[in-house]
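Order-wise, the sequence lines are chains A and B.
Start counting the first sequence at 1; every next residue gets the next number (the numbering used here).
Start counting the second sequence at 314; every next residue gets the next number (the numbering used here).
Hints in this document: simulated from the structure, not taken from any laboratory.
Any given hint could turn out to be false.
Simulated crosslink set (DSSO-like; lysine-lysine; CA at most 27 Å straight-line) [as the list claims (entries may be wrong)]:
{"hint": "1", "chain 1": "B", "residue 1": "K359", "chain 2": "A", "residue 2": "K142"}
{"hint": "2", "chain 1": "A", "residue 1": "K142", "chain 2": "B", "residue 2": "K409"}
{"hint": "3", "chain 1": "A", "residue 1": "K113", "chain 2": "A", "residue 2": "K296"}
{"hint": "4", "chain 1": "A", "residue 1": "K141", "chain 2": "A", "residue 2": "K67"}
{"hint": "5", "chain 1": "B", "residue 1": "K364", "chain 2": "A", "residue 2": "K141"}
{"hint": "6", "chain 1": "A", "residue 1": "K153", "chain 2": "B", "residue 2": "K410"}
{"hint": "7", "chain 1": "B", "residue 1": "K364", "chain 2": "B", "residue 2": "K409"}
Listed below are the residues making up each chain.
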Amino acid sequence: MNALRNLKAMPYSPISVGDTKFIPTGINASDNITNDLMSRNLTVITGQTEEGKSLIIHRIALNAIDKGYRVLIVDGEHNQDFLINKLYQMVIGGNPDYYEFQKFNKHSIKEPKKHILEMIEAWHGDKLWLLSKKLLSDNIKKNYKTMLEYVTKIVRANNIDLVIYDNMMSLVSTSAAEKNEAQSEFIKSVIDMNEAYNAHSIVVTHIRKGQYERGEDVSIYNINGSSDIPGLADVIFVVRRNFKKESIEDPDGWLSIRKSRNNSIHKDIPLGFDKETGSLCEIKNGEIIVKSYGWKKEGEQVKWTLIQDKEPF
Amino acid sequence: MDVNTGQRAILNEVVQGAIYNPETYSGLYAIALEENEPSAMISALKEQYIKISTPKLLDLLEIIVFYYQFATDELLKKWIDLTKRFILGLEDKPEKKKEFVAYWKKRTEEELSLIGGYRTLDRAAFAVVCIQVTDYVNGS
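Okay, chain A solo, but in the shape it has when bound (with noise of 0.2 Å):
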């Protein structure tokens, strides 16, 4: 396409969904309004500390592998073992029988059984890729533009569909001077990968501390770092924990949508913690809706309870 058009030389055509890649969420309310994840998107996932952003990006990358898409979490934070347990037990569920337990100090692990394992990895395959910080070398983590430039490339060596970035304080490391200026050439660098290689991106971001009360429903203009991600971002979650349930029949948390190009359709979707898989799952007719993996080829279950015996999150 060029970028003159003169509409009398080159006439309009229908719209086509040409390559463009659609990589549902997995939580339906949302997917209807944003058309799913949209390839050359960017998402910004946003909320206070421990409301269930990572909970979220986590459950959004095991739907995109299960429906056939490659998927690459940029981690910042975490132990990679750790966080491939924490995966794993997402898609298996709660039952007990697919699990040894480990001790692990005072704590007891769960590991999946063997032949859980593999029906795991047979299950993702080549679609799931971890890149973790913590254990590239010091060229390349303490420089985030050298590091992009890396995630580029795996991108373009494995073709990665969807791109998690968890998050971005923890990956763009600079100066505190210098940290809204580099946080805007990140996102705009993302910006440019997703365009270069048909993906899409999900960017985790903090919101400033000190800002609200725990649970408080936040702006995205107050998302820390750069004045600019709001603009650039395609769609804006924000991740909220219910810290004033009174009742069984109110939600866990909120995902809500405050940003969605395609349409401006803001809306908050009531989200329920399911213990058993440790995720956060949308609520319909007061049901926790929790979609299993197909690795065992259940199809869809419902929980028929929201009582919860233990704190989520």
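Fit chain B to the given chain A structure using the hints.
Okay, now just chain B, sitting in the frame of chain A:
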């Protein structure tokens, strides 16, 4: 940090990763081969060669042919050039060079013995490479 330092850091990361996890890094290794000057590749390979055995290095050199479908004529030519220059670059380490050449010839003989057998196109391409580099090593 200048840009070149970053590019070198990525190249070293890729080469090192490819030695221990060739399947994971094969795509990145192919891109590195495409994007970098042979001198940069050789420098990264030599840096790793100090740390690893010759057979392991040969495994790495083979990655491009075995794990990736990038075996275009152009890339294979570059690969052959790279391998020749790598051997040439071992002049200052005669023992290593001797060991590498010996392994290379052995691997070539193994490849040639398989001709007409199960080989795939990728392996055939690798055999061609082996022959060309062996000819070079023999000075023909």
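Which of the numbered hints are not met once you compare them with the structure shown? 2, 4, 6
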